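As they're listed, the protein sequences go chains A and B.
When the count follows this note's numbering, it moves up by one through the first sequence with no breaks and lands on 283 for the last residue.
When the count follows this note's numbering, it moves up by one through the second sequence with no breaks and lands on 1293 for the last residue.
Hints may contain errors.
Said to hold, decoys possible - Quick partial rundown of chain B residues pointing at chain A, CB under 8 Å, derived from the structure:
| id | residue |
| --- | --- |
| 1 | ASN1031 |
| 2 | HIS1092 |
| 3 | VAL1102 |
| 4 | PRO1122 |
| 5 | LEU1273 |
What the hints assert, rightly or not - The calculated lysine-lysine pairs, modelled on BS3-like cross-linking and capped at a C-alpha distance of 25 Å, are:
| id | chain 1 | residue 1 | chain 2 | residue 2 |
| --- | --- | --- | --- | --- |
| 6 | B | LYS1079 | A | LYS268 |
| 7 | B | LYS1177 | A | LYS268 |
| 8 | B | LYS1079 | B | LYS1177 |
These aren't lab readings, by the way, just hints derived from the structure by calculation.
Source: prediction; values computed, not measured.
Heads up, the beta-carbon is just placed ideally off N, CA and C, and yes, glycines get one too.
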Amino acid sequence: MEWLDSFWSTYSTFVLATGTNVLLALSIYVTLACGLLSVANAGFMAIGAYSAVLLTLRTGTPLPIALIVGAIAAAMVALLIGVPTLRLSGVYLAMATLAFGEVVRILILNAENVTGGALGLNGIPQLVGLFDVVFSVTVALYVFLRLAQSRVGRTITAISQDEIATELMGLNVRAYKLVCFVVGAALAGLAGALNAHFTFFISPNEYGFERAVEILAMGVIGGVSSPWGAVLGGSLITALPELLRGMGRYRPLINGGILIIIILYSPKGLWDGLQTVLRRPRR
Amino acid sequence: MLAQQIINGLSLGGVYALFALGFTLIFGVLNVINLAHGAIFMIGAYAALHAVLVFHFSLLPAIFAAMFVTGAAGWVLDKFIFAPLRARRAPHLAPMIATIGVAICLTSLVEGYFGSENLRFPIDTLPSSTLTLGSVQVNWLDLKIILLALLLMGVMLWVIRHSPTGRALRGVAESPKAAALLGVNVDGLLLATSVIASILGGVAGVLIALYTNSVFPHMGQPMLHKGIAVVIIGGMGDVRGALIGGFFLGFAEVLTIAYIGSNMRDAVAFGLLFSVLLLRPAGLFGHAPQRRV
């Protein structure tokens, strides 16, 4: 088992980061599956991370409670902003939620006496281990896989395909959308809270615009036809910079190029593309 | 003091408006959130700087060089990214994700070629003379920035409002299918929109590079955030809204720096943004469900 120890000491952060990124990808999967182009998840991640860290760091609250509080805090904010912003649809919602993330970042940056401002919060206890991450991902994935087969899952697919028709069937479209938005926010908050407890340090700039589009990229690259797409997208976006380590200073160039190629040749996501390739009849 | 602030607000606001105009054109006509617009803005600044440093162009030809380079970038963007995705009927967000890839590639290329340090225009290329109007001293550079921004905006507004091309463009924004049935060359117009919007972004890049006299690979990032703020405050996909929103943000920032403090600058811009989002998510002039150009 010696190789396992050495593997873990080198790659533990990478493995844990893959787990939280898969959670983030699932968080955006929920909203995308419902046809909501929301990009607010970096902001929700920040809210989860800061509320959980303030608890563990300042009051010594046990980790599970801090994680739950982080997720709930993000969900509450989502409930608050969801009501007005979900009136928007399509690309307009994407713009509005992109801006929301920026507002959260600026607020954290300026509330210096609570959040430490631009310097961030240091010396966060390393409380999260492999179990916490794997457990959260497994539960979330299991619930989503089961939901996808259920009446709720089918309603959500119906909303994403034709909102008006679904409404005419007597289903409360607005409520479903709001619930998806809030659940996505709670997951992002949980991912943020988990992530903060193995990185030692958080600062508002980690949760800015770049993070928002990175999360979105995970969701879109994986695809929204199945929760497995989110797993694929989250893992790929985490692994890509690691795999390209040998490329030197042009590494981002190749990273960006791969992103473009995937979108051009499999616009519905890698999971969908994989399925079509596998299902193609052989001659 | 106040007169000086008005000049500053006009030049900064003019640059914001120009940038937002390009962003909102692509958003309104192609229905794409072009996250590469900030990178193209940066390319424009580098192209002008390179023309001045290496080919010893003076300022105006350097701006034309930047227009040429960014126009070419816009052409590539539509030909190789937007058009293939349109042809494949890709979902809404696909082009936006692809533009993230484009932004990463462009920034990385520039960083690799020019280095990541902050570059400056040589002092003698910038007009340093001032114009005295009563008690106010106006920098010629500021004046030129304002004039060029206003000129480009005026031309764009005229083209969109009064020319046959503009009418066709508005038709495409309303419904590409109907426009195609009426004999409009939709693909050509979308390509032209991408080129023109990129040129506007590129010129904004040169102007902000002159205004702050600094050019660096990540300069497009904060600008992109502001462009999004302007477009949301003004109303998404609305040309008039982008112009008014640009000047509004420019003035808000300049007055905040002058009378409140420079660390509150971003907070004010995004505070405005947040209140607009909560109270009137479609923006001050926008109508969310429709697209307007």
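Status of each hint after checking the structure:
The interface hint given for ASN1031/B holds, since its Cβ lies 6 Å from the closest Cβ of chain A, which is under the 8 Å cut-off. Contact between HIS1092/B and chain A, as hinted, is supported at the beta carbon level, the nearest pair being about 6 Å apart and thus within 8 Å. Annotation: VAL1102/B was flagged as interfacial toward chain A, and the flag holds, the nearest CB pair being 7 Å apart, inside 8 Å. About 27 Å separates the beta-carbon of PRO1122/B from the nearest beta-carbon of chain A, more than 8 Å, and the hint is not met.
For LEU1273/B, the interface hint holds, since its Cβ comes within 8 Å of a Cβ in chain A; the closest pair sits about 5 Å apart. For a cut-off of 25 Å, the pair hint linking LYS1079/B to LYS268/A stands: about 20 Å separates their Cα positions. Taking the CA atoms of LYS1177/B and LYS268/A, the gap is near 23 Å; set against the 25 Å cutoff, the hint holds. Straight-line distance between C-alpha atoms of LYS1079/B and LYS1177/B comes to about 20 Å, which keeps the hinted pair within the 25 Å bound.
Hint 4 alone, counting from the list given before, is not met by this structure.
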